[in-house]
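Colleague: Knowing the structure of chain G, use the given hints to seat chain P on it.
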Amino acid sequence: MIKPDISADVTRTATQWLTRLYAGDPDEDEALQEEFKQWIEASSDHRQAFLKVRALWEDIGMTDAAAATALRLVQPETGRANLPPQARWRWITGAVAASLGCLAILLWIGTHTIETRHYASKVGETRTVTLSDGSKVTLGAGAEIYVKIDGRNRTIDLTRGRALFEVTRQPDSIFKVVSNRAEISVLGTSFTVRRGKHSSTVSVLHGQVSVNGVGQDSGQAQLLGPGERIDLDALTNLGEVASIDANQALDWLTGRLVFDGSPLAEVIHDLNLYRETKVFIADPALEQLRVTTSFRVDQAEQMLEGLTMSHPIRLRRMEDSLLIFAAEPQAANRLP
Amino acid sequence: MTPQPIKSSRERFLTELFNNFHDELVLRLQRVYGQGPPDPEDIAQSAFAQMAAMGSHEHIKNPKAFLFKVALNNGRRSAGHVAATRAFLDEVLELEGERTEKISPEHLYESRERLKLLNDAMERLTEKQQEILVRSRLLGETYHEIAAQTGWSIATISRQLTSALTELERAEASALQKPVKRRYRQG
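Protein chains in written order, with this note's numbering: chain G, 1 to 336; chain P, 1 to 187.
Please note that a few of the clues may not be correct.
[Claimed, not checked] As a list, the in silico BS3-like pairs of lysine-lysine whose alpha-carbon atoms are at most 30 Å apart: (1) P:K61 / G:K278; (2) G:K278 / G:K122; (3) P:K61 / G:K122.
Just so you know, the hints here were simulated from the structure itself, not pulled from any lab data.
Chain G with its partners taken away, still in its complex shape:
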């Protein structure tokens, strides 16, 4: 609720801030966020108004009206009649443009190779695929990539899991991998990318790669050489460059996972890529619990049992899953 002592103008400005921040325009992110920080810090009323608007924004998602509208919107289109007027015009002009463009496309295909493919590995499975440029990608358990290769650009979207990339060098062609908010660019080398729940980790085996936040300019990129590793979080903040043990760098391909002070949520996220019986953190407060561990995925339950000795957690097996609760009974019974 809006407190009467906060002016309507401040509330309206807070609302405008929220709609700008959730617009999802990466070009504006940095400047916008800096401006927002200044506005929030300028007055306690600003903060108060924004917190109220944000609470409203979050709560909207739990209304029946919102869920019903979401379902209505995702119904498969049955025809052009369902399109709004502007979109219908776009469809008509698009159809005309498409037919005119066919000749150009046919001519263009003659000189370019296009590959758009989707590859995925199953839970617990690893799989190697060779792309049309000769590069090899080894997918770790439960991993998934979308590949787009044309004459100049090679772009891989890692949408889940870990992958080892062995890139064929092509002087005029950048090989780019996108994972969460990280963008990794190389010419020819081998490196691994782990897409975590929110973060990404890049480890280089040979050659040199450039790591950057999606939408950031290349001047902010971090160069990594052989034996180096870096994390990039959801805010595109780059961590410190760390060393990797070359002997252990590919352990995940054989089912050994290593974490050094990582959030429990990231450990469980990776573990579940190897398991049919999923593990869930039932108390979100535990998600950021820092864990250092090294284990074989087929011995994960022994590892989790070990964690109950050293961390304030307990385990509960459900019908088809394993839940992690906070150790104190009251903590487990409160809401997330």
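Modeller: Showing chain P alone in chain G's frame:
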């Protein structure tokens, strides 16, 4: 590890719900997200886990609808720009010691009346406002994606979203004032 036996009626309730509704929930989520990302299976599982973590489920009138809404909210949080914005806001607001962890849809069980009021206000919005609000808030679409889906301009989307939120704020504010007026008249 020695699994603990399922004892309480709460756990039996959850197990039955999981067994009876899991597949249906995943199917519903596949209608929204296809094969992902986010993976419908993952967000369905998270929704069950969050429900399991609640002490009591008596306040939830329709557990299936509740699970679906929790799963939709989980799915939307995983959208890249939404996760980044949430993380940024948490960081900025926590810098001054504000408590933001209560800002989650799941705390709503404490305020069912507020949710009902919000739902009524949502239904009074225009179809256009509802669509923009839901595409942005629940489906995690960027304004550019909404523009591509609907043909509306970015400026229109931004304006309509601000108007919709302002309407919902007004509905809440007027509800807050009503009991005060009633007491005044009675007194």
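Colleague: Mind listing which of the numbered hints don't hold for this structure, in increasing order?
Modeller: 3
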